[in-house]
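Whenever a hint applies, use it, and build me the whole structure from the sequences.
For reference, the chains in residue letters:
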Amino acid sequence: MTESDIRHLKSVSRYLTPVIDDDGAPFWQYAAQGELRIQACAAPDCGELRFPPRPCCPYCQSFESEWRRMSGKGRIWSYVIPHPPLLPAYAEQAPYNVIAVELAEAPRIRLVGNLVSGPDAPLDSVARERIRIGAKVQVVFDGTGLPRWVLERP
Amino acid sequence: MARITSGIKDATAIAGIGQTPFAKQLPESEKALACRAILAALDDAGISPSEVDALASYTMEETDEVEVAKAVGLGDLTFFSKVGYGGGGSCATVAHLAAAIATGQATVGVAWRSRKRGSGPRPWKNTAAQLPTPAQWTRPFGLLRPADEIAMLTRRYMHEYGATRDHLFNVALACRNRANQNPQAIMYERPLTRDMYMTSRWISEPLCLFDNCLETDGALACVLVSAERAVDCRRRPVYVHSAAQGLPAQHHGMVNYWNDDPLTGPAWTAARHLWKHADFTPEDVDVAQIYDAFTPLIPLSLEGYGFCGRGEGGAFTEGGALEIGGRLPLNTSGGGLSEAYVHGFNLINEGVKQLRGASTAQVPGAATCLVTAGEGVPTSALLLRS
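Taken in sequence, the protein lines are chains R and H. Following our numbering from start to finish, the first sequence increments by one per residue and tops out at 172. Following our numbering from start to finish, the second sequence increments by one per residue and tops out at 388.
What follows is a set of in silico ranges between Cβ atoms, one per label pair, in the way DEER data are often shown:
#1 R:Thr20 / H:Ser202: 28 to 34 Å
#2 R:Lys28 / H:Lys72: 47 to 53 Å
#3 H:Gly75 / R:Pro125: 55 to 61 Å
#4 R:Arg148 / H:Ser202: 21 to 27 Å
#5 H:Gly75 / R:Pro102: 43 to 49 Å
#6 H:Pro29 / R:Pro172: 52 to 58 Å
#7 H:Gly327 / R:Ile24: 54 to 60 Å
#8 R:Lys28 / H:Ser202: 26 to 32 Å
#9 R:Phe81 / H:Gly327: 53 to 59 Å
#10 H:Thr201 / R:Glu84: 48 to 54 Å
#11 R:Arg32 / H:Arg238: 54 to 60 Å
Stretches of chain R that chain H covers, calculated by requiring three or more beta carbons in the stretch to come under 8 Å of a beta carbon on chain H:
#12 63-76
#13 91-97
#14 126-132
Hint data in this document are derived by calculation from the structure and do not stem from the laboratory. All figures in this text were calculated on a predicted structure; none of them were measured in a lab. Glycine included, C-beta positions come from ideal geometry on N, C-alpha and C.
Shown next as structure tokens:
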């Protein structure tokens with residue numbers, strides 16, 4: 019293990035964990051199983067995907083919903099490179115990337131995440147020049163059940 | 003002057019404004035600062051505290067009505083209101099008072115904001131009190147601060163429309179130039195150059211230090227009365243011509259990433275209502291005080307409020323358009339970027355100063371002013387006229 023690997027592992031344990039609400043809980047349960055699922059209306063005539071999850075469908079007002087499995091494919095819609103001052107666990111890895119990914123099945127849903135070289139790689143593991151709007155990405159899940167993203171063509 | 007009114011149009015006027023000094027650190031408490039600003043505003047109007055019967059502030063305001071009312075000796079209150087969403091509530095405080103006074107719920111209203119953001123903690127550092135719903139979708143990934151959230155929209159905006167860092171610099175420069183004329187401004191006598199901007203440290207790429215507002219201690223207040231009453235007050239009345247709040251359909255706050263068009267923010271919603279009830283158009287606006295927690299909020303707001311077309315906000319800033327003598331003089335006290343960041347309340351008071359002819363960077367003959375609250379969150383806006 020290199021010094022930077024050790025630093026990374028120390029940071030990971032101090033990352034903010036999702037503060038989960040009732041509506042969001044299923045997303046995280048599926049994520050822990052390695053599945054990317056998005057809430058969808060279960061009314062037969064509607065079926066629209068929605069995010070963030072909420073009690074009823076904004077398109078047809080039905081309270082029936084299901085969690086639809088996504089392919090995990092998407093494109094980078096935008097990204098930022100945060101620099102300190104940041105919370106300590108993140109400052110240690112800064113500058114790192116945060117990306118917004120538009121899902122292939124629902125481009126208006128853009129999940130926030132990180133572009134990494136592998137599921138448990140550091141937040142700064144992809145070279146800056148590889149990050150560009152429009153790049154195709156694929157979801158992967160790290161050891162804590164957080165979705166992360168890798169380039170489709172690394 | 004007799005005015006024909008419908009709804010709240012010109013039915014009320016800002017009769018007094020007050021403020022404390024602005025600094026990175028002030029010794030007094032937020033409560034004491036609030037009291038000083040409110041008393042200064044009432045004195046400016048020539049109205050006794052005992053006549054005040056309405057209050058309005060932000061939900062984030064930590065001095066509450068009971069404390070303020072008993073400290074400065076207000077009368078019996080019959081209307082009090084607090085507006086949510088941080089800096090998005092600034093203009094709505096005045097709007098709520100205008101509605102209350104125009105409909106007879108109250109006669110003398112005070113809006114205020116007191117904040118020790120300069121010497122106090124950074125709100126995003128409080129990891130125990132995360133913003134409820136969106137936080138789980140963003141914060142674990144290191145999208146921690148308002149600057150990060152707006153930087154995400156900014157990068158996309160630059161990508162889609164070809165806006166550049168020079169456009170953002172134009173915003174920062176205009177605000178700094180006005181602050182250099184305003185002895186009360188934190189950045190008085192501290193000029194900004196393009197070189198300083200382009201070589202400054204990053205906060206969240208593509209936003210650098212100078213794209214971010216100040217961190218300030220200070221308080222401001224204003225006094226609202228009916229138009230009839232205002233003509234008898236000490237100062238020239240500044241009429242609330244039109245007012246609006248804006249929470250668009252399927253809006254998600256600063257992390258507005260989950261709808262069809264994240265780059266049309268609350269400004270667009272507020273603007274539609276604002277102009278529908280106004281007797282003039284964006285072309286007739288003499289001076290604008292546009293909420294500037296971050297420079298990219300200016301091009302986004304210029305588009306939303308109709309000063310230019312979609313995607314043209316960056317180009318609009320070229321050729322000195324935001325400077326005195328330009329197409330739309332901006333944030334003439336220095337704004338949140340260079341005067342003080344007090345959740346946008348200084349923009350309201352500066353709008354009043356312009357229409358009184360008393361700004362430190364006076365736009366000659368200014369008779370109309372747009373004031374906006376935070377864009378990127380549920381927002382509000384005012385059209386003021388002399």
